[in-house]
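Asker: Spelled out, the chains give:
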Amino acid sequence: MSHGYKGVQWNPFKKRFDLWMLAGIGLYLGVFIGASAFAQPPGEAFTPVQILIRATGTLAFLLLTFVLCIGPLARLTDRFKPFLYNRRHVGVTTFLIALIHAGLVTLWYHGFSATDPLVSLLVSNPRYDNLAGFPFESLGLAALIVLFLMAATSHDYWNTNLGPGFWKALHMGVYLAYALLVAHIALGAIQAEKHPLYVWLLCAASFTVIGLHVLTGVASLRPADRAAALDGWLKVARVEDMQDARARIIRPANAEAIAVFRQGQIISAVSNVCRHQGGPLGEGKIVDGCITCPWHGFQYRLEDGRSPPPYTEKIATYATRILDGVVYVNQEANPPGTPQAPSLIGDSA
Amino acid sequence: MKRAHRKIHLLLWLVLGPLMALTLVLALHHRPAEPVNDTLPEALSKAAG
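Protein chains in written order, with our numbering: chain A, -10 to 338; chain B, 1040 to 1088.
Extracted from the complex, chain B is given alone in its bound form:
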């Protein structure tokens, strides 16, 4: 790989790496304690019991 590409490659990972880590931390932090199926309307969820 050319030196210029190696530099871009490293730079990309120095940007993407922390972004990915931040996404993981935020996603896990906001995870509901009890998984819920919120794609169903609330009334329908209640009716289904």
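If we strip away everything but chain A, and leave its shape as in the complex, we get:
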């Protein structure tokens, strides 16, 4: 949160996640290299460097595919929330693996001439008008530059100094990086690849990412989600339908969404937008008495929308009421950090 910065934000859960991730990466590389070395197609003899280039290239693409699937999947099922919480580390790891891939390619294919390897990479194939022989390396380099910008600005220092809105807009560049990578592979490795597995893998990954993002994007904006107000009060749900320590998200017309939480016998409402990176607070849960954002664990108190000391973030609070066992929330937001008395379930009419 905003009280000071750390180089890498680790806690025991993140450390365990990172260890599992590194073990998975090691296993993938081991299996890929082993299988490639022992099952080479007749007439082909790949060098260890070429195998490593393929292994790191496929791994970086699969990791980025996974990173881009985490957001939509976490909206569909809570099982992906832990991945959402650790997504930043997976993203930076993806960039590092892509960088190794790019370094190996540049040195192996362009490092043995008098020309500078990077210059050679960019000018040795000028056939930009030919789809079959397209210089796909430039697409990969462009994607790598975007991934570098994402990784370099992934720290909270940049989020705070650039502002959450600008930071979020900047990090949507990862979608452009993915599109560039798909083109890089389709016009590069796929053109020379005999095995159909690579084609199927590329198509399946691409259409999964596109499908998930379009589906969840349409669902989050559909008119049915817009709550109609009666005298400024929006219907939330029946008390018995509200899960303890969880929220219902209400989307008023022409206003930001509201997260209405139940904690035991009390009902409280706050803005659904986290101050950190705009994460959906209503998709989080109450941990240690505080609303906890599912994206990076930022916390807010139910009673006033303020982060517990020493942190200083504040979000808007909303009035709630319970009538005939139905929870309502007032669509008028209180200024961020304003104390708001909760509704008590036992007191309902």
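Quick caveat, the hints were computed from the structure, so don't treat them as lab data. Keep in mind that the hints are not guaranteed to be accurate.
[Claimed, not checked] Think about it this way: if two alpha-carbon atoms lie no more than 27 Å apart in a straight line, the pair counts; the simulated BS3-like pairs of lysine-lysine are:
1) A:Lys274 <-> A:Lys3
2) A:Lys224 <-> B:Lys1046
3) A:Lys303 <-> A:Lys3
4) A:Lys274 <-> B:Lys1046
Since the structure is predicted, the reported quantities are computational estimates derived from the model, not experimental observations.
Go by the hints and put chain B onto chain A.
Answerer: For chain B alone, coordinates are given in the frame of chain A:
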């Protein structure tokens, strides 16, 4: 995510999605029947047999 960002997010995918699909279709359509190593000069390829 703020509503404005959700809209931009969807708009981006409505643009990028078809572009990615088109790239895949064109790339697969233009794929050579027999993969060739055209980074080598033709004379050198022939000499190598």
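Asker: Look at each hint and say if it fits the structure.
Answerer: Outcome of the hint check:
Taken as a hint, the A:Lys274 and A:Lys3 pair is honoured in the structure, with Cα atoms around 18 Å apart against an allowance of 27 Å. Simply put, A:Lys224 and B:Lys1046 have alpha-carbon atoms about 25 Å apart, close enough for the 27 Å limit, and the pair holds. This hinted pair checks out: A:Lys303 and A:Lys3 have alpha carbons roughly 25 Å apart, not beyond 27 Å. Between A:Lys274 and B:Lys1046 the CA atoms are separated by roughly 25 Å; this keeps the pair inside 27 Å, and the hint holds.
Of the numbered hints stated above, none is contradicted by the structure.
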